[in-house]
Amino acid sequence: MKSFRRLVYPYLIWAGVLIVLPMLIIVFYAFSTEGNDVIPVKITLENFVRFFSDTIFIEVLGRSLKLAVITTIVCILLGYPAAYFISQLKPDSQSVMVLIVTLPQLINMLVRTYAWRGILLNIDIAPELKVYIGMVYNFLPYMILQIYTSLSKMDPSLVPAAHDLGCDDRMAFLKVTLPLSVPGIISGITLVFLPAVSSFFIPKLLGGGSYVLVGNLIENYFVTTGDWNFGSAISLIMTIVILISMYFTKKFDYDQEAA
Amino acid sequence: MKKYGFLKKSYLALIIGFFYLPIIYVVVFSFNASRSLTSFTGFSLQWYEKMFASRPMMESIYYTVIIAVIATAVSTVAGTIVAIGLSKSHRIIRQVVTQVNNLPMLNPDIVTAIGLMLFFSTLNIPTGFGTLLLAHIIFCIPYVILSIMPKLRQLDDNLAEAAMDLGCTPLQALWKVIIPQIREGIVSGALVAFTMSFDDFVISYFTTGPGINNISTYVYATTKRINPSVNALSTIIVIAITTILIFANVLPMLRERRKRNEKTA
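Keeping their order, the protein sequence lines are chains B and H. Using the numbering used here, read the first sequence as starting at 1 and increasing by one per residue. Using the numbering used here, read the second sequence as starting at 1 and increasing by one per residue.
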């Protein structure tokens, strides 16, 4: 059976060249600028200095984080009751509801966002609010499905047991159901927060040109202006910010479990 | 608990309404007689005619489907082979591959996308159908591996050994013993790969070349002006996905129910 090990070797090369190397190229671009004829590239921190010395870029990063955080919170607040109510239905109805929640998700994201454009043209609200509606719409199903999965894995006799031990409904929910569904909330956060920070077509389609996020910046520097070095630096900064936020989320989860 | 039943149902109904409102809106306005996206002036099929007559639109459907089909086939076969190899590999190799696979799954799509774009440009590879397809295969394989690995972990190692003791070659043991037992994982991996490829916008946007659009990049490129044919295109996608889902989910459910009824009868 050990001979099967060899099946992995081609993939090691594939993943090294096509997954790891592109990431290293981004890092290389981020730490360099186009030089002159004699020295074609210059290794430098210029791109990062440029980013952090301009308040506009910091503002855009802050706006993206705010959008992602609020989207995630709204998804938890709207999604948790939905997931909880679904998990209390009859088993057959549960699978139908899961199907109903999944279906819109399978329809192309661009198409779904485009669909909101028509509706939102009728409503006179701030472009920012339109972006928020589009974001929550796109990400809410992920949150519901993740929380529902962790709720449906729960042993159904736990809540009656809590009642027998003297908990009322509220206490049983707070002390038993909610803590057990935290892993679902955490994976929901991962699925919502991560893509929300970097999203660029929802703000562009729904917010008009006026609502610029970090994803739009990256798109601009790569597609419109062609300044790949600065674009790479922005992506690197964004990735690091995301990694830090995810670290704290995971840490919170871990502390919860330990407590 | 009973008295909350109505409230719960209303809440779920509201959420479902929120999910389906834009879809219904698009379907309705795909039959609109005018260009307007805000007022319905009368019934017409003109946007469907325009869609079928529009070459770039039909091409975007073609590219989306053909890329999803090829990317799914290639990534499912490759992912299955790699996953089986990994299950027999040293722990360190397994951890390295898992970590590397996490990169495209946990990184924002836009980072994976520009990484590939810079990679292709560094090697002077012209972007187009080939790079688009390659990009899709690259990000689909990790998902396939991820869906198959848990099934392999449950697998009894002795079974393949026993098959070989009974005279199977390693290849036969693979084909007749291992593959049938992880089939569920392979199928769900293929489904995830197909959905990811079909739904992808960001990675396609940065890795495709001039003239090659999938549905996502086509819709993105045309939304600068109002183009009601996109409503018709969306309606077709909605109908196609709903049909596939119904066939995939409701039919097995009905069959099971009939089986249950037969048993009780």
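Everything labelled a hint here was simulated from the structure, so no lab data went into it. Hints are not guaranteed to be accurate.
[As the list claims (entries may be wrong)] A few chain B residues that face chain H, going by a derived Cβ cut-off under 7 angstroms, partial list only:
hint	residue
1	V8
2	I19
3	I25
4	I100
5	L110
6	V111
7	G118
8	I119
9	S198
10	G209
11	I218
12	Y221
13	F222
14	G226
For glycine and all other residues, C-beta sits at the position ideal for the given N, C-alpha and C.
So, going through the hints one by one against the coordinates:
no. : hint : in the structure
1   : V8   : holds, 4 angstroms
2   : I19  : holds, 5 angstroms
3   : I25  : holds, 5 angstroms
4   : I100 : holds, 6 angstroms
5   : L110 : holds, 4 angstroms
6   : V111 : holds, 5 angstroms
7   : G118 : holds, 4 angstroms
8   : I119 : holds, 5 angstroms
9   : S198 : holds, 3 angstroms
10  : G209 : violated, 10 angstroms
11  : I218 : holds, 6 angstroms
12  : Y221 : violated, 9 angstroms
13  : F222 : holds, 6 angstroms
14  : G226 : violated, 11 angstroms
In this structure, the earlier hints numbered 10, 12 and 14 are contradicted, and the remaining ones agree with it.
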